[in-house]
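**Student:** Residues per chain, in single letters:
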Amino acid sequence: MRFSVYQVSRRGGREKNEDRMGYCYTRDAGLFALADGMGGHPEGEVASQLTLQTMALQFQRDAKPGLPDPASYLADAILAAHHQLLRYSADKGLSDTPRSTVVASVIQGNKCFWAHCGDSRLYLIRGGKLVARTRDHSYSELQDALGRTTPSGERFNRNVLFTCLGSPGKPMVDLHGPMVLEQGDRLLLCSDGLWGTVSDDIITEQLAARPITDSVPELVELALRNGGPRCDNVTVIAVEWEGADEAEDSGEDSESLSTQALGDDGFASTIQSANSAERPNELDEAEIERSVREIQDAIQQRAAKQKKS
Amino acid sequence: MSKPKPAPLPAGTVVGGYQIIKRLAAGGFGVVYLAEDPEHHLVALKEYLPSSLAERSPGELTPRVKPEKQPLYRLGLKSFFEEGRSLAQISHPSVVSVLNFLRENETVYMVMNYLQGDTLQDFIVTARDMKRDKVFRESTIRSLFDEILRGLRIVHQHKMLHLDIKPANIFITNDNKAVLLDFGAAREVLSKEGNFIRPMYTPGFAAPEMYRRDGALGPWTDIYAIGACIYACMQGYPPNDAPQRIEKDRLSLSLSRLRNVYSDNLIEVTEWCMSLDPLSRPQSVFALQKELGRETERRYTKLSFSERLKLQLENLKSGAKA
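Read top to bottom, the protein sequences are chains A and B. Take 88 as the starting number for the first sequence in our numbering and just add one per residue. Take 2 as the starting number for the second sequence in our numbering and just add one per residue.
Zero decoy hints are in this set.
With a cut-off of at most 27 Å between alpha-carbon atoms, the simulated BS3-like pairs for lysine-lysine come out as follows:
(1) B/LYS318 x B/LYS135
(2) A/LYS179 x B/LYS79
(3) B/LYS178 x B/LYS132
(4) A/LYS179 x B/LYS6
(5) A/LYS151 x A/LYS198
(6) B/LYS70 x A/LYS179
(7) A/LYS392 x B/LYS178
(8) A/LYS395 x B/LYS178
(9) A/LYS103 x B/LYS67
(10) A/LYS198 x A/LYS216
(11) B/LYS135 x B/LYS303
(12) A/LYS394 x B/LYS178
(13) B/LYS79 x A/LYS103
(14) B/LYS70 x B/LYS6
(15) B/LYS132 x B/LYS311
(16) B/LYS67 x A/LYS179
(17) B/LYS70 x A/LYS103
(18) A/LYS257 x A/LYS179
In silico negatives: residues of chain A with every beta carbon more than 10 Å from chain B:
(19) GLN147
(20) THR250
(21) MET259
(22) SER345
FYI, nobody ran anything at the bench for these hints, they're computed from the structure. Bear in mind that the values here come from a model prediction, so they are computed numbers and not experimental data. Cβ coordinates follow ideal geometry from the N, Cα and C atoms, glycine included.
Please build the complete structure, drawing on both the sequences and the hints.
**Tutor:** What follows is the structure in structure tokens.
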């Protein structure tokens, strides 16, 4: 398989980036995934990280080098991630479980499958047109689907989801595929930080007009600008499909990845494995001292300025 | 939670050169003391001591935090720093100022101006208990909020939001200055990680976007709260909370009771600030200041017969005077 991939995640105006994205592949299959840890619950960034790790681990285990059934892999892996979150919360004795959305796509041969839970989205663009987009598991998109029209003043709660990973009930997962890919197709997975402030039309237009290495950073910048000083985390991973066959004659295209080189049991991943992901307590003694000094400096500077004026 | 609250430091204790005189207030976040600096000036000393995470027996100086509570404790500490950082940059008579920041007793302390006076909340309660038709005079409301908005404008200029503006956080000093208290970029972070210290918002004053997961917060969120404060100054009571309003909005109706008591313009401005849709509100403090400061001839419109009828019906239904 040949494809190019581009991913970027920005913190925006938030304290933390609770979004995670990544991809991994064997010779015959590729997994692209993105998770958005939810605010209002503990450790959102742990939730999204655990979700991706669990999915990547299962991918590595099952793709030998192809997945026997990509659709059931997606369903199982997402459920496994959900259970992982519940286990994590139980192990640490948390009173509430960390929660995350997820959207993931598997490409195998020239077939594409995807699944999602929550409001992280996948867009599939072909020849300048939006061919498919996931429907958010949010009340607002549910309303739209039911054909209810609410007066504009009462449109609220785009952010309230009725399912996600880590919630007490079993998560709802929408599965799609197989969809046969054509050369030049573009897949984009993103968190609500992108689609919340950038319309589907603009996403489609931008993605179609230029290579993903140009359009994706541009879209993310746009979202950050539109989102203003308190902008949500913005995370995007995009894939441009270049074909299932390894075209020997296409020459050295430095931007694209070929899975051929991996051999029968090769595995490449951008998703950190579990042990390296455990981040130490962020605020250690040195950090505390530094913060106190910073604030004292700021107070002194202000006082000095006041004296002058 | 039956865990006893951590004990405050006793009077006389010296913390980083400041001697404690007495405890002024205690909240989820910690304790505020009246203290004296080495030159015998009075200051307010705020100690980081989250009551659900830290323990301290009477007579002890250093709080103890159980290992399993350390991460949350540290997170709260970070928020305390945020508040300190924010306030350190601002110097405005309508914003409480930070004089110093200390690390002592294995926790941290913020030294602030000591203000003498009462909160706007106290004034509202006193005024409404007098049962006059007006809680405050319109000119009082206008000049009070003009002062508050000057401070808030500076806050927004520093790319910060207050996010918990309410009468209890507006202080009126004995020399008649209005000061915004209790800044919490803090609060926001804490409640994001599980609301272990206090709810993230104050019902009635919190804009609808505060209730949503990652609702887009902005100056308009503080402006909603300002509108709700003006409402409380006219009505004597806080408005219905945002979820209730989304369900069934009685704001216009209850504001119509104030017609002929307050000018049409003030009532309209209040309703404008409190639009459920953030985009329909004044988008900046400046826009609101301009409107509030317009001292044109005030128009008062009496209720029409049908409006009075509607109000009476509403009163019958709710079975109470509102």
